[in-house]
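Student: Residue numbers (my numbering), protein chains in the order written: chain A, 22 to 87; chain B, 7 to 218; chain C, 1040 to 1236; chain D, 108 to 334.
Heads up, some of the hints might be wrong.
Unchecked claim - Pairs of lysine-lysine, DSS-like flavour, derived with a Cα cap of 25 Å:
no.: 1; chain 1: D; residue 1: K320; chain 2: A; residue 2: K63
no.: 2; chain 1: D; residue 1: K320; chain 2: C; residue 2: K1053
no.: 3; chain 1: A; residue 1: K63; chain 2: C; residue 2: K1053
no.: 4; chain 1: A; residue 1: K50; chain 2: D; residue 2: K320
no.: 5; chain 1: C; residue 1: K1053; chain 2: A; residue 2: K50
no.: 6; chain 1: A; residue 1: K50; chain 2: A; residue 2: K63
Derived from the structure by calculation, the hints contain no laboratory data. Nothing here was measured: the structure is a model prediction, and the numbers come from that model.
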Amino acid sequence: MTTAEKYVTAAYLVVLAVVLLYVVIYAFKLARLEREVTRLAKLAAERRASGEVPEVEAAEPLRTAN
Amino acid sequence: MTYFGDVAALARKDILLELRSRDTLPAMLLFVVSTLVVFHFALPSDSSDLAAGGLLWVAIVFTALLGLTRAFAAEREQRLLEGLVLAPCDRSAIWLAKGASVMAFLLLAEAVALPAFALFFAPVDATLVAAVLLADIGIAAVGTLLAAMAAASRARELLLPLLFLPLAIPVIVGGVGATVAEEPARYLGFLALYDLLFAILSWASFEYVVTE
Amino acid sequence: MIVARGLERRFGSKRILRGLDLDVGERDFLVVTGPNGSGKSTLLGLCAGLLAPTGGTIDVAAERDEIGYLAHEPLVYRELTALENLDLYGRLYRVPERRERIGMLLERFLLWEARHERVSVFSRGMVQRLALCRALLHEPRLLLLDEPYTGLDPSGGTLLDSELEALRGARTIVAATHEPDRLGKLATARLDLARAA
Amino acid sequence: MWLRNNRGVALASTAALLLLGGISLAFFWVPDDVDQGFSQRIFYIHVPVALTAYACFGWGAWKALRLLWTREVRYDLESYTAVHMGVIFGILTLVTGSIWARISWGVWWSWGERQLVLFLVLFLFYSAYFMLRYSTEPGPRRERMSAVYALFGVVLIPVSFLAIRLAEGFIHPTVFTRDGPQMAGSMFFVFCVCLAGTLTLAGALYANELLGKRVDASLRELEEALA
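In isolation and in its complexed conformation, chain A is listed as follows:
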């Protein structure tokens, strides 16, 4: 491999690396979201067990949703 070839390959690899880095960061984020969903699901289950039906405001549109 010539020097030029090395550098060109490196440039393409950098792009790949950044995309992969993004995937890693996103994986962490997903893990966090998963933990929160589990926690909230547990909370909802406890509520139901204690007989208190949570007032889920289905009609209320989420501020960020489409």
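Got chain A sorted already, so can you dock chains B, C and D onto it with the hints?
Tutor: Chains B, C and D only, in chain A's frame:
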């Protein structure tokens, strides 16, 4: 003409406040002269007048920044901006008045800085004065809008330079170009273009920054 | 005058108002009560147009120059005199016969003697009286008062009592207070945010 | 219908196909550039990435404009996400551009390279955008200030570009230009494939990131409803 009546009333208030408290303008004057003196020691003795011309622009931009961080000081302390926003006048009048007072302070600072520059470093010609005037318009227009943004944030004084400096780079380019280039006309034209674009943009968007 | 449906306002993740329905008719006198943090000031800010709702709707049938807002802060410049402050706002609100109107208000609120003094040397009660002048300056159709008795001495309080008595029935007034006794006798409607929440 | 519900999947797979194809073509098919030889092949990643970054900033500004127009809150998140993607692609532009400068001129940084300098300015500008967001309370005021700042960005791009061109007049003359002979047809084709690839990649990342941010916000709502 009520629009300009509002602007005049608001600008008069800013000048009056400065005359009473005297905390922005003296600071700007002292700062700009100190900066020039610091530059004398920062420049190696064999460096050209051109380098000094570049540093003059650095001094102007940072002095403007000093004035801009104080621009909404009176309004910020007691959420007075809300009082002005509630008034039935066009919100852009608040921007125009504040920009005019910022520019007035900046002009006064430069009225000291340019003779000092001529004394310490290199002669000042008409082109440089024209470039400074044009740059002031752009700096005051953009800076006032950003100062209003920074005043609404938690970081305040810290945030304004970060918001402002990337937008000031074209002003520096135009100013330094007009100072050192052989043909300054196109740099002056560029400064005028910058003023026009960003003044319109800031004028139109100020309302969104101060209201919800 | 004011119609709100499902009004909600949050600050960051903190929800201050939630699902509030409100109807304030022309010339009503609404007294809003509730503990600190229950959203009294937020509601007034929403009525004044300073804040935007983050949910629901609010319609206020008054232009900006028809609203007088006595905020938690006095909204006057400390380094200007009483006269200069009112003159500035008088110009911005395009008050007809500005000087006469300002003079009258300053006299009524016992500030005429101090008109050439800077607000920074005023006592708390004087500042509040000046803030009242500011809010009443343009004879607003809708008057929003946030804790109007704060800082007022007994004589200032009496002044405000008689002023409100006079305006009652002629203007729409929304007043927020955490001590409802004083305003209670004037009220034509009440809203308790502690219960509404 | 399937496409609408799985926009992210569709975008991601298209991006993968286009990029794989484009990169293979760039390495093994396209002929060497007459002047720059093999090293010119970096062009097929550097320039599409840069153009994609502009597209993201433009998209963010468009969403910002929509926010100011309609006051619809969802545009705030969309604008923010687009700028976020723009910054990622901007950093990639800086890195690949720096590598190109190293191959061509033996230095990692050249002030004579307009696009590189412009991206440095934009990087500073959009970093300040993030600072603005982080130091302001979430709410309508922040949404509007961010939108105004994002709009300033798209005006700053051409103005800065012009400024950088003008600055070359006095900072130092342009020695190197890449405006060589006209691109051959095959080169242009590969360039287009790569550009389509990076654009769809940005679209896929944008869709994903937006989805994540929305789920995050919805979870917070849910938490509040349950608490």
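Student: Take the hints in turn and mark each one as holding or not.
Tutor: Here is how each hint holds up against the structure:
Distance restraint check for D/K320 and A/K63: the Cα-Cα separation of roughly 22 Å lies within the 25 Å cut-off, and the hinted pair is therefore satisfied. In summary, the hint linking D/K320 to C/K1053 is supported, as the alpha carbons are separated by about 19 Å, within the 25 Å threshold. This hinted pair checks out: A/K63 and C/K1053 have alpha carbons roughly 23 Å apart, not beyond 25 Å. At most 25 Å may separate the alpha-carbon atoms for a hinted pair to count; A/K50 and D/K320 meet this at roughly 10 Å.
At roughly 23 Å between alpha-carbon atoms, C/K1053 and A/K50 fall within 25 Å of each other, so this suggested pair holds. For the given pair, A/K50 sits about 20 Å from A/K63 by alpha-carbon distance, which is consistent with the 25 Å threshold.
Hint compliance for this structure: every hint is met.
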